[in-house]
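Q: Below are the chains, spelled out letter by letter.
Number of protein chains: 2
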Amino acid sequence: MSTRIVRIEEKILKKNEVSAFENRELFKKNKVLAVNLLSSPGAGKTTLLVRTAELLKNRINLAVSVGDLQTEADAERIAGAGVPVVQINTGTACHLDANMVQKSLSHIPLESTDILFIENVGNLVCPASFGLGEHLRVVILSATEGEEKPLKYPPIFQTAHCVCINKTDLLPYIDFDINKCRENLARICPNAEVIEFSCRTGEGLERWFDWLIDRWKIVYGE
Amino acid sequence: MSTRIVRIEEKILKKNEVSAFENRELFKKNKVLAVNLLSSPGAGKTTLLVRTAELLKNRINLAVSVGDLQTEADAERIAGAGVPVVQINTGTACHLDANMVQKSLSHIPLESTDILFIENVGNLVCPASFGLGEHLRVVILSATEGEEKPLKYPPIFQTAHCVCINKTDLLPYIDFDINKCRENLARICPNAEVIEFSCRTGEGLERWFDWLIDRWKIVYGE
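These protein sequence lines map, in sequence, to chains A and B.
Take 1 as the starting number for the first sequence in our numbering and just add one per residue.
Take 1 as the starting number for the second sequence in our numbering and just add one per residue.
Honestly, I wouldn't trust all of these hints.
A pair counts as met if it fits within one copy or between any two copies, since identical chains are not told apart.
With a straight-line Cα cutoff of 25 Å, these simulated DMTMM-like cross-link-like pairs (lysine to aspartate or glutamate) come out [to be verified]:
1. 11 x 72
2. 180 x 169
3. 29 x 114
4. 180 x 203
5. 217 x 193
6. 11 x 214
7. 103 x 214
8. 11 x 76
Please keep in mind that the hints were generated in silico from the structure rather than gathered at the bench.
As the structure is a prediction and not an experimental result, all values here were calculated from the model.
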C-alpha cells in the first residue's frame, strides 16, 4: 500500500516537472521573469502585488496569475491596479501545480510581459513541493505570525530566494523579535535575501522594488 | 491515472476513518472531550492553549497533543503552563491524521483527562479533510489575516463548531472589518459559534472558557 502511494506521488511530481519545464521554456522564449509568491493565508501577497503594480507598472510590464481555493476577490483587487491578471480557482487543492499555471498562461500577454507573479494558495507547507517553472521563489512572512516560523516550516523557507517580513508597522504592538527572526532565517535559508517592509504604510518597499528589478536585469540583461 | 489516484485517496481516507473511529471510542471510554484546533500558521493556537491551561487547569483536567512539521517549541511552551503534552513531528506532512494522533495517545493520561486539545499543523486547507475522532473542531482566525478568509478557504470553516477571531487588540491598527467577517462566517458556517478575543490581553477569553466547559458538560453531563 505505502509503496503504491509513493509511486503515485512520484508520478504526480514527475508530471508536474514536465509542465514546469514547458512553462520555463515559455518564460525564456518571451523573456518573462516568473516569480512564485508564497505565504500563509493573510500574510499580504495580494497587497504586495497591488503596491508593486501601482509603483512599477509604468517602468516595467507586470502580469499576475493568482491561485485561490475559491472567489475571484484577489484577481479583482489586482486588476484594479491596472495589470493583466488571471484567477485560478483550485477548488479544494492546497497548492498550485505547473499544469494549472500553464493553463492560465494562455490568458496572459506573455510577449509583452517582463515579470509574471504567480500568487500561490495561502499555505506554508504544500506549495513548497511543486515547482511551477518559476525563476524565483519569494516567501512572505507576516510579523504577526511569529519569529519561529522558519524553524517550524523549514521546507518552504529553504527553497526561497527572498523572504519578505511584512506588517512591520505592527511591531510596536506585537511580541515579534525581528533579530531572532533574522537569526532563524540565517540558519534555515542562509542564501535568501531578507527584506522588511510594511505594505500598509509603504515603508521599506523601495528595497523590494530594487531587488526585483535587479533580478530581472540579471536574468534578461539590458 | 486519475482513477487510480482517486482510489488511493479513498483508501487513505478510509484508513484514516478507521483510526478516527478507534480514537473516538477511546475518548468515550475515558470520558475525554477531544477538540481539534485548526488555523493558519501564527494565528495563536499555542498561545490560546497556554492561556486556557493557565486559567482552567485547576478547574478541569487538560492535556494536549500538538502537531508541527518540526521543532518541539510548542510542546515546551504548553508544558510550561503545567499540563501533559505530547509533540507530534509530521516531517513534511501538512496535517495531522488519526493514526498520528492515536500513537500520541499512549503518552497521554487519558483516564485523568477531561479535555484533550489536538493542535493541528498550521494550515487552513489540508487538515479539513482528516477527521481525528474529535468531538469539536475549533478554527482560529487571526484578525490580521483579513475578513474574507472564510470565503476563500470554505472547507475548514464549514466543518467548524466554533470560530475564534483572535488578536482583537490589533483592531485599531489594521484594516479588518469585523462585522463583514461575521457576515462572511454566517454565510459559510451559520451554525458555528463565533467568539472574539485577544490572547495577548486576555479580553474576551471568558466566553471561550465558558463555551468550552459547557461543551464538556453537554457531552459528559454532570
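Q: Does each hint hold? Answer for all of them.
A: Right, here's what the structure says about each hint:
1. 11 x 72: This pair counts as neither: shortest intra-copy Cα distance 31 Å, inter-copy 33 Å.
2. 180 x 169: Close inside one copy (18 Å) and across copies (23 Å); limit 25 Å.
3. 29 x 114: within (12 Å within a copy, 62 Å between copies)
4. 180 x 203: Result: close within a single copy only, 21 Å intra versus 28 Å inter.
5. 217 x 193: within (17 Å within a copy, 52 Å between copies)
6. 11 x 214: Result: close neither inside a copy nor across copies, 36 Å intra and 49 Å inter.
7. 103 x 214: neither (28 Å within a copy, 50 Å between copies)
8. 11 x 76: Result: close neither inside a copy nor across copies, 35 Å intra and 39 Å inter.
Checked against the numbered hints listed earlier, the structure breaks hints 1, 6, 7 and 8; every other hint is satisfied.
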